[in-house]
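Starting from the two chains in their separate frames, assemble the complex, guided by the hints.
Okay, here's what each chain looks like letter by letter:
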Amino acid sequence: MKYVDEFRDPDKAKTLIREITRLSDQLARDLKRPVYIMEVCGGHTHSIFRYGIENMLPSSLELIHGPGCPVCVLPMGRVDDCVAIAEQANTIMTTFGDAMRVPGSKRSLLQAKALGADVRMVYSPLDALSIAKKNPDKEVVFFGLGFETTMPSTALTVLKAEADGIKNFSLFCNHITIIPTIKAVLDSPDLQLDGFLGPGHVSMVIGNQPYGFIAEHYQRPVVVSGFEPLDILQSLWMVLKQLHAGEARIENQYNRVVPEDGNRMALEAISKVFELRQFFEWRGLGSIDNSGVQLNQKYAAYDAEKKFALPAISIADPKSCQCGEVLKGAIKPWQCKVYGKACTPETPMGALMVSSEGACAAYYQYGGAPKDIIQIHQLEETSI
Amino acid sequence: MNVADKPLSRVGSDELAANSPDTRTRHGKLVSSVITLAHGGGGKAMRDLIDDVFIEAFSNPTLNTLEDQARFQLSDLARYGDRLAMTTDSYVIDPIFFPGGDIGKLAICGTVNDLAVGGATPLYLTCAMIIEEGMQVSTLRQIVKSMADTAKAAGVFIVTGDTKVVGRGSCDKIFINTAGIGVIHQDFKLGADQGQDGDHILVNGYLGDHGAAILNARGDMHLTSPIESDCAPLHELIQALLTAAPNTRFIRDATRGGIASVLNEIAAASKCAIEIHETKTPIRQEVKGFCEILGLDPLYLANEGKLVAVVPANESQAALSAMRDHPLGKYSADIGSILPGGRAGRVHMQTSFGGKRIVDMLVGEQLPRIC
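Protein sequence lines, in the order shown, are assigned to chains B and L.
Residue 1 is where the first sequence starts when you use the numbering used here, and the numbers rise one by one after that.
Residue 1 is where the second sequence starts when you use the numbering used here, and the numbers rise one by one after that.
So that you can see chain L by itself, here it is in the shape it has in the complex (with noise of 0.2 Å):
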């Protein structure tokens, strides 16, 4: 089988979308400068914003007819292979700008990464924002813009949507929802129950970056750090892992809880043991230092453009070498393998000291230490 040969990139009556004519039938503009209720009262005001902000951004032929539902050829799905794949995630992130990305490119990336994670090639996305009464208007079409850019280079359509406005207090100014469909392969059977002894526990680079970002960027440690967000569109990175390693077992993206979780996840699926080694285990600097600092630890700490997967021994060397000629898996690194004979259900990790530690689930969220 040549898993190159799959249709994983796009084909079909939307590939042409971006550069096809406009088929809008509506250009409402919209005048004022702040968003208020009347922009979610359902009137006038609700059409501007949506034609003005949304369909000016997002504009394609299955959007542009504004029926109440996205509609798709089955057959052109099809295409692509014999399951649906399905996943819906909302983003109330703070701050909504932060180094290396914005609420609406993660919106993208992170249901994006939902989909391909499974093996599925990203199709279509909605798009559902709740927004907080007072947001300038500007700052809205920058978070779209970037949603926009961020869906054309992920290669995926912003099918259908919906806009909420609420009262001042309601919610923290801009919340999205993005539920996504994607079409898995024939192929693909990945799931996080496939994990066998002597496999290895691939990473695509530096872990802990968004985390660290995002915390440093809600200001109250006064500290002034390069660490960017690492929030990116994985599919392409794991069209080029699974053409290596067509027997990849497992993949996930390592965002909320960390490696860690993950992990967990998958020694609890499998009923097997994992042992990681923190030499092995990238991080950079920056991270560890702002760790060591506020008593984290950076496996704990978000991503969102990491993942961990689960590769047959005999195909690792073959999916590290082709992740790391990805400009997202250039620091890729496999830090660990199933342990056969390892109790089922634990992780652990040999320390750089030459220790060895157990890596749990973790318990609620992570609080700094007091000293």
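Same shape as in the complex, but just chain B (with noise of 0.2 Å):
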């Protein structure tokens, strides 16, 4: 595949892989331990796994799948909600393919469609505008969720919503900001982090400023990372790189498509519609002050949560999950007490096993059954 097949040479991938061997071992040796360095974005996990680049890696550098994966971190309370507008009459619920299985306390999307909620999967929130221009009898309700990197097309489409004097039409607000989830993560007391591989389409929308304060105050290199193995080899590289001299600053490898200061049209269709809300819970997280949007008050009459009663009902984490550990990297996704066994794919019970982007996901579809991982980790650290 032409511009695809060029980022997944395997000729280039052992070059770099030697020489972030050199720079880990060494880094290692003074450290102690191995170096730790988080992908925050679940793209970036999915395709970790998706071309083994994790077993490619010397067993003196460890990657923490971070808490980019938007699908994971949404709590059930918020499904559940999702759920009861689903199931009022006349109403048709849109949202994205990996949106629909997630567990809500009672049931997902994908099952209370089996029991006659009308749910429809969409590539894009204009197809939900679509939908309702089609049945105007019907309330159609965009499941909005995702980072800074849905967050224009959300935007764009309210926008458009109101320009084609659309009533019919509305948003369940899920959508989440990655700064402040950083900085929850920075915060956190059992953290061991080297360094981050930024998320790449996030900084499409937002640049590569808003990372400054990770290098500033918490003095952790940042390199904002493509998608494909060699750009995620290569970031690697460039976070060894500052590590080994010494220093934090934030790099950009992913500059074909990261401009420095963002995208402005999608940064002003989303400050136009949205705001910030005062804090938004997060699966294995808890709450996070000023870490979602919400319609602002010139669009509320698009706003779901305004438009429908919820129950709004905050559920807790079923207290055996450990996906706040493994979101921060305090624990690897085997080391929790449910994995593989409580909790798969199959039936997920936390966040992290739910989208194939969640690194537990990952890692019982890609990595392995949890025996053969345990055994693999302890060989790596008897070989420390």
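These are calculated hints, taken from the structure and not from any lab test.
Here a beta-carbon is modelled for each residue, glycine too, at the ideal position from N, C-alpha and C.
Be aware that one or more of the hints could be misleading.
These stretches of chain B come out as covered by chain L in the derived footprint (C-beta under 8 Å, 3 or more residues) [what the hints assert, rightly or not]: (1) 10-20; (2) 116-127; (3) 164-178.
No more than 20 Å apart at the CA atoms, straight line, and that leaves these computed lysine to aspartate or glutamate pairs for EDC-like [stated by the list, open to error]: (4) L:280 x L:315; (5) B:133 x L:220; (6) B:319 x B:275; (7) L:280 x B:164; (8) B:272 x B:137; (9) B:113 x L:94; (10) L:288 x B:5; (11) B:337 x B:190; (12) L:173 x L:197; (13) L:280 x B:261; (14) B:167 x B:305; (15) B:106 x B:137; (16) L:271 x L:365; (17) B:134 x L:220; (18) L:280 x B:118; (19) B:2 x L:292; (20) B:113 x L:22; (21) L:280 x B:87; (22) L:280 x L:220; (23) B:113 x L:220; (24) B:134 x B:164; (25) L:288 x B:9; (26) L:152 x L:52; (27) B:332 x B:190; (28) B:341 x L:325; (29) L:330 x L:172; (30) L:356 x B:9; (31) B:113 x L:365; (32) B:307 x B:260; (33) L:145 x L:292; (34) L:356 x B:5; (35) L:173 x L:162; (36) B:106 x B:127; (37) B:2 x L:297; (38) L:288 x B:6; (39) L:356 x L:275; (40) B:2 x L:286.
Here you go:
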């Protein structure tokens, strides 16, 4: 595939792996532990597993799979609210494919659909708007979720609904923002992280500036990375080079897509329709201040939370679920008490088992069964 | 043993059916241009539908008797082998017409393939249809013609059937069930549990075409793509494969769940580890691109004209060249093998990037990712 295969060249990978191994072995010797680098974005997690990158890396370097999977971090109470809307008469609920399977406390949207709710999968929020145009006697709700990556398309859809005078369309907004979340991870007391791969697609919208505090206040290097396997290897190498030189800067590996200042038009659309929520609850991480957005007063007429009476009950994560610790990198997926036992992709208990971008589901699907991993991991530990 | 001598091609009382004089006793004519509940009511309207649409297209001596059951001479069947193979499948595809085929072609190919992969010579099929009222008769004729043409090409006869018409909304346009009977030759002992260390894994060409074509034909993505379904009857290709590699352990058509599911079934049933190579696995550029856009994995996409064969190492070259000589196997490939000493039940892939990943069973349906 043109413009794709170039980023999957195994020979270039070998060269990069050699350099990564050299640097990370040196660093690990000094640190007397492996180097820990977190990839913030679920898209990176997916690529890492899909291409088998983790087992190409030296044992002196460990990847921590961060909180950047929007489907995974959605709390059960919000899914319950969404299901409650979907189950109203004369309502069509629309959403992205992998949001359909997220478990609520009673059921997922997929299960609600089986029980008779009109739930439709769309590829873009604009598809939801078309459905609203075709069904003027029904209320069409878009279950919007995602970080800044998907926020602009939702914002533009609300603006288009206004421009076209469509009244039977509303947004159940679960969009979240990345920066407060990274901050929450960095402030966590049990954190051990040496550097970050920054989320490429989020950065395409917000640019590189917002990460400045990570370098300045927390002295951790950030390299905004693309999603192809060579992108990821090159970015890891760039983080290691900074660590080796004792630096902490924001670098942009993904400059073929990410402009320094982000996308002005996308940011304008976002600020036109959205405002920050005081706090938003995250599955596994709890409530984080200023980490979610909602429609502002001007667009309140499109806010499903105002159109529908919602139960809005906060549901605590199951006690045995350790998603929070995995998200913060405190434990590995297979170290969770329920991983692969009570919690599997078939019956996900925790958020990280839900989407293929979730670290636990990715390990389970691509990495292997718990026993294997534990054995491999023990070998790695003894080899350091 | 010369497998080529086996009576795998059709002989017996049916062989002249296509050219035989019209043995029909009724010639009802359908007047309506739209299917209504009356066409499933058991009266004259239904009889006309059966005569004018189904019998007209499928006509053969066994069907034309219009008994409640098709009748076969056991001695006829026994000439093909020593075991009967029987299968059934229901076809509910949306959309009913798609690039590379339609629900009718699919309903024949799917059942023929389910018989053929067991080493059976496919012989007779049933055809049961559930039709939603309001369907245009011309559309139904088009589907039935496609079934008749495909059955003829596959050398099978549709020998009995059933028609139901249901109210609007009770089914989606048309559902078709076909059951099939075939006979397995005494020398073939194919089974998912037969895989042995060192066996090679062969496929007969590009994977994922059907799944991608159907997703694209639904039109939600507004992509223009030339991908066509690979829907085809594989019995001839299988015959060629079994002739060249008579000790073939197992064959399975990689339909829903794609080759990933078939490989996992083999690994589980044969208690072995399978390794495949991404660089050797044939997937069209268009399908790769399609999957990239939607975040899907082509290994899990459905096929309707692709098989996975497990062949002993010493017969794999012969099998591969025999498959490549057949038009439906032109792009056949040897994609991997059963690894001696690997962990039983495990399938993994050496990625083109130089890494290694597990290829697990799919949980539920593949859903496109958010971003």
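ask   = Hint by hint, which ones does this structure get wrong, listed from lowest number up?
value = 3, 6, 7, 8, 12, 13, 15, 16, 18, 20, 21, 22, 28, 29, 32, 33 and 36
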